[in-house]
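Colleague: Protein chains in written order, with the numbering used here: chain A, 1 to 214; chain B, 1 to 268.
Simulated from the structure, these hints should not be mistaken for laboratory data.
All values reported here derive from a predicted model rather than from experimental measurement.
Some chain A residues near chain B, calculated using beta-carbon distances under 8 Å:
| no. | residue |
| --- | --- |
| 1 | Q70 |
| 2 | V72 |
| 3 | K74 |
| 4 | D75 |
| 5 | L76 |
Quick reminder that beta carbons are idealized off the backbone N, C-alpha and C, glycines included.
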Amino acid sequence: MARLLDIGLERITNLILDMGHLSEDLVNSALESYEKGTMMRAQIFEGSEKLRFLQIEVTDFATELIARYQPVSKDLRFIQSSMDAAYGFSIFGRYAYDIAEVMETIGPLADCDKSEVSLMAKTAKDMISLSVKSLEKLDKNASQKLYMMDDSVDSIFRKYLKKVLTQTKKRNFQPRCYVSALLILRYLERISDHACYIGDSVHYVVTGDASPRR
Amino acid sequence: MAIEESLERKEALVESVKYKVSIENVDGWYGTKRAIKDINLKVREKTVTAFIGPSGCGKTTLIRCLNRMHEMTPGARVDGRIIVDGINIYDKSIDAVIIRRRIGMVFQKPNPFPTMSIFENVAAGLRLNGINNKTIIREIVEESLKNAALWDEVKNELHIPGMSLSGGQQQRLCIARALAMQPEVLLMDEPTSSLDPIGASKIEELVRTLKDSVTIIIVTHNMQQAARVSDFTAFMYLGDMIEYGATNQIFMKPEKELTERYVSGKFV
Ligand SMILES: Nc1ncnc2c1ncn2[C@@H]1O[C@H](COP(=O)(O)OP(=O)(O)OP(=O)(O)O)[C@@H](O)[C@H]1O
Ligand SMILES: [Mg+2]
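So here's chain A without its partners, still in its complex pose (with noise of 0.2 Å):
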């Protein structure tokens, strides 16, 4: 017989793996919009308000639940660590309404390198697409991965900046091209950030054990 906890538990699943593909959906739209120079704010901001949404259900959600059935050990570990992820995909949303935006303000970017960004960028979508996974298989050992992908999506961030830092000497210095890069770069970089906090929960959910640090 099931307990009722689970019909609840189940739920809370569903809506924090939509969360999560919702999230993975727009922060690829976003930068797609980049690469291609498509104006996507509209739809990215529409998608980052659903996420907001969503995320406040979960929430209330499961304070609900741990009102009403006071759940211990794993289940309430794994209720925990719902709102965390919850709280990391709107994040998500957040960032690629960021990255929507930079185009808007600083205008059409089609003559920049944006090779740093792309390189940056299959990283980030990567981690986003495995803090989903990690969720969706309660797999403890992906915090560990998420961890070494964030070491290199941080090093290509301090190498850029360095490079900005450089050219600013220059004397025909262009600030759009680096600046516009630099902003979603580091849009990415704090994306890669919430997805390790992603793998972390899911290791505490698994172990009861927050996940040993780099």
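For chain A, the structure is supplied; the task is to place chain B with the ligands on it using the hints.
Modeller: The following block gives chain B with the ligands in isolation, referenced to the frame of chain A:
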């Protein structure tokens, strides 16, 4: 430096831990039935320890071993040692009656002495122990009723029968009766299971307060109650002690699969 200091303090704390009750290799028998098996557990002084586990796992048997009540059941016997303050209460030289006085017990169903007044219920044990000074008796009765959080409700009607109180009040009367003997250990076997939520939460608050002066062991079927009132929790199953640890650990991160399943309500 700071780290060293905190380590030292930690060690000092560990050393100062005092075990009030040590249960060592205890078996509890009913005739040829071995109801609890090789139980080992140390209870810290002035803490609340909860015994949890499914019906029939041996919680009552174990708790009744702790004040030598188990042996009052015909055919029942105890093997192993139970050390209270360094003394094995099963030593041949020890008088079981004295043990029962030092280690009080509160039962699932409130059981005030039926013919006695509120006052007499609390005073009876004192009189049985040869205390006859009326002033002293009055003082202890008042203090015990206050410590049991019942005084304010009954102070103007101490001479009505104990049985005329509500269930929750009767249970607090039984706690007052146990406290009057100034026990060092208080055993409580499902003390709130026959009470309404308000009566139950009064007892829970009381348990939290009493542990400043008494070591408390409480059997409960209510997992959330164990989580709320106890510092340590022991999980029993089919007469075995499966897991024993800090309550927070047992409820957040039990080590044993069986414990996990029980506390999460996944038992069939
Ligand atoms: N007087 C008795 N004579 C024979 N067997 C007994 C007696 N009392 C208890 N038992 C048996 O000993 C085992 C442990 O019983 P005990 O009463 O200690 O369980 P419990 O954990 O307190 O259960 P509950 O939660 O239902 O109160 C059970 O199998 C029970 O049937
Ligand atoms: Mg019992």
